[in-house]
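Asks: As a plain string of letters, each chain reads:
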Amino acid sequence: MSVETPTRPDRPGGHVSLAEKAPNARRREGASRLMTVVLGFTVAAAIVPLVLLLWQVLANGLPALSLDFITQVEPLSYRERGGGYLHGIVGTLYMTGVAAVVVIPVGVLAAIFLTEYGGSKYAYVVRFFTDVMTGTPSVFVGLAVYALLVSGAGGAGLGFGTLAGAAALGILMLPIVVRSSEEMLRLVPEDLKNASYGLGARKWQTALKVTLPAAAPGITTGAILAVARGAGETAPLILTALGAREVVGALWGAPQADIGLLMVDGFTQPFDAGIERAWAGGFTLIVIVLLLSIIARLIASRSQAR
Amino acid sequence: MSATDTSTTKESLRGSGRARRADPIFRGLVLVAATSVLVVLAAMIIRTTLDAWPVFDAMGFWGFISGQQWSVGHSRSEVTGTYGAFPFIYGTLKISFFAILAAVPLAIGIALFINEIAPAWLKRPLASTVELLAMVPSVVYALVGIYFFRLYIWEPVGQFIASSPLGNLTFFGPPVLLSSYWSAANILAIMILPIITAICRESFAQVPRDEVNAAYAMGATRWEVMRKVIVPRSFSGIVGGTMLGLGRALGETIAIAFLIGASQRWAPQLFFGGDAMTSVIVNTFADAAPEAIWALLAIGVTLFLITTIVNVLARLIVYRVGQFSGDAAL
Chain X
-7 MSVETPTRPD RPGGHVSLAE KAPNARRREG ASRLMTVVLG FTVAAAIVPL
43 VLLLWQVLAN GLPALSLDFI TQVEPLSYRE RGGGYLHGIV GTLYMTGVAA
93 VVVIPVGVLA AIFLTEYGGS KYAYVVRFFT DVMTGTPSVF VGLAVYALLV
143 SGAGGAGLGF GTLAGAAALG ILMLPIVVRS SEEMLRLVPE DLKNASYGLG
193 ARKWQTALKV TLPAAAPGIT TGAILAVARG AGETAPLILT ALGAREVVGA
243 LWGAPQADIG LLMVDGFTQP FDAGIERAWA GGFTLIVIVL LLSIIARLIA
293 SRSQAR
Chain H
383 MSATDTSTTK ESLRGSGRAR RADPIFRGLV LVAATSVLVV LAAMIIRTTL
433 DAWPVFDAMG FWGFISGQQW SVGHSRSEVT GTYGAFPFIY GTLKISFFAI
483 LAAVPLAIGI ALFINEIAPA WLKRPLASTV ELLAMVPSVV YALVGIYFFR
533 LYIWEPVGQF IASSPLGNLT FFGPPVLLSS YWSAANILAI MILPIITAIC
583 RESFAQVPRD EVNAAYAMGA TRWEVMRKVI VPRSFSGIVG GTMLGLGRAL
633 GETIAIAFLI GASQRWAPQL FFGGDAMTSV IVNTFADAAP EAIWALLAIG
683 VTLFLITTIV NVLARLIVYR VGQFSGDAAL
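In order, the protein sequence lines correspond to chains X and H. All residue numbers for the first sequence refer to my numbering, where the first residue is -7 and numbers rise by one. All residue numbers for the second sequence refer to my numbering, where the first residue is 383 and numbers rise by one.
Read the hints as simulated data drawn from the structure, not as lab findings. Bear in mind that the values here come from a model prediction, so they are computed numbers and not experimental data. Where hints are given, some of them may not hold.
Below, in silico cross-link-like pairs of lysine to aspartate or glutamate (EDC-like), each with a Cα-Cα straight-line distance of 20 Å or less [as the list claims (entries may be wrong)]:
| hint | chain 1 | residue 1 | chain 2 | residue 2 |
| --- | --- | --- | --- | --- |
| 1 | X | LYS185 | H | ASP405 |
| 2 | X | LYS201 | X | GLU108 |
| 3 | X | LYS195 | X | GLU182 |
| 4 | X | LYS201 | H | ASP405 |
| 5 | X | LYS195 | X | ASP183 |
| 6 | X | LYS185 | X | GLU108 |
| 7 | X | LYS201 | X | ASP183 |
| 8 | X | LYS195 | X | GLU108 |
| 9 | H | LYS610 | H | GLU498 |
| 10 | X | LYS201 | X | GLU182 |
| 11 | X | LYS13 | H | GLU606 |
| 12 | X | LYS195 | H | ASP405 |
| 13 | H | LYS610 | X | GLU21 |
Looking at chain X on its own, in the form it has when it is part of the complex (with noise of 0.2 Å):
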């Protein structure tokens, strides 16, 4: 005798009750429970490598970590403990700093061009041509650099220096500067520009004193970030600064030194000293780039908040 199923009077042509579930509900559920947790794993697998490496740096780079490392230049032995990173730390900035003080204004005026005169088709080739500076290879910049300013063939012939490593720089940094500007720049509400030609305002004053100055904190935040980008770049200088043993002040004849060639030269060698200097360069880098994006950061958010 089988199990008598309760019959449902209550349920005319097979309406099933909202309170009823599914049979496979339960499957369901599971599965998209199960799916959640491992959803949770992959952003885990994002965050434990950046945990490891932050702890890595942080613990290898101390015990060469003093006043010394900022202050001092490198020993000429890698054996030899002690001494910094002072010629690196300077030659970082300084390459950084021409580069950005080229590149910055350039590069807010042709993202001016983009939102002022964007309609053209001339706009739209830049525009395009821009995004794909972008994913230019860095060492690929490196390399026409080289042939366009150090080399002696065909080239410029300025010798490894600042000025050549700078120029790589600023050549990654521009199309950062462009793109980010101009969608800064395209924020800038409409009846704000409006207003300014209804007061009899020209372009050239609306853009650069009305549109500009609105989009300035955005502009900023970009730019700087695009600096960090820059500071961060190693491969390109190999190929352009190629690197000193002392401060270099010239701008071009010499070479020049920076963090992350200094950090090659000395993870690379065999020797304790130098690998912890390497760390601890890698410390400053990753203090010099976070400092900045989170200045980059702060300038947002208060504009936001205005």
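Chain X is fixed; fit chain H onto it per the hints.
Replies: Frame of chain X, contents of chain H only:
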């Protein structure tokens, strides 16, 4: 009295000739700035191609790409060595492929978690943490890869795979080297994760909320909504992000240069050392004779060609999906 007043007002309202010229001058100025981008790009392409020409000329473009032997000459004026870039192109494509293979599913998962699962207060910190991965300089990745990851994670995992039944396949076979395609692919996967995640997040966020809510109203579970509404709707965004990640992977230099082995040869195994296009450039540049530098420039031009094709395709796809804002567009 009033007559003189109106006349001066009219006079002051009328722009001077100089002011009228200001707008065209301004237009010219910004036009020059915009054109400088194109000029720089063109100068880079033309100069490198010209310098690399003797090598392409001697080897033939196809011969250069498919040649397996790379033996450098020492001439200052002519091409005397044999330049076959196949080992480098093979290595670059191999590590990029495996990096993408690992990074894309992870990036989709992270993007889904941040956008759909994480509580509101956790979204921003999580997104910033992933972005932090992109801020870490390449040279630091190289350092941590050399002295930590490859010693304690990648090599042991490689050993495990090579000693498992999979190891019978040539591809996963021993020996397992510390510097290998495997190590390089691993570091690349970590490095390209942020950009793919960013693009995925942006395209997931553009899925119409109505469709998502409609799916929930029909009784779909959260996973079903993600798999059947959000991901299919964002497919081209995911493809675009993948291509941008691929572009990054192809061009990554320092971290690869010290983790792939710099052997200037190619090997069919995954756990064996090899070389890549970017790494041979920075590793051999310092003591290269002029003709060897031409050959490195030829590799650079080839690399630029490949990455540009990938990036242009990526941009076309991403443009079609819609405008991206902020870091994701970079």
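Asks: Are the hints correct? Go through all of them and say.
Replies: Okay, the hints, checked on the actual structure:
| no. | hint | result |
| --- | --- | --- |
| 1 | X:LYS185 - H:ASP405 | 15 Å, holds |
| 2 | X:LYS201 - X:GLU108 | 14 Å, holds |
| 3 | X:LYS195 - X:GLU182 | 13 Å, holds |
| 4 | X:LYS201 - H:ASP405 | 14 Å, holds |
| 5 | X:LYS195 - X:ASP183 | 14 Å, holds |
| 6 | X:LYS185 - X:GLU108 | 11 Å, holds |
| 7 | X:LYS201 - X:ASP183 | 15 Å, holds |
| 8 | X:LYS195 - X:GLU108 | 9 Å, holds |
| 9 | H:LYS610 - H:GLU498 | 14 Å, holds |
| 10 | X:LYS201 - X:GLU182 | 14 Å, holds |
| 11 | X:LYS13 - H:GLU606 | 16 Å, holds |
| 12 | X:LYS195 - H:ASP405 | 6 Å, holds |
| 13 | H:LYS610 - X:GLU21 | 15 Å, holds |
In the structure shown, no violation is registered for any of the earlier numbered hints.
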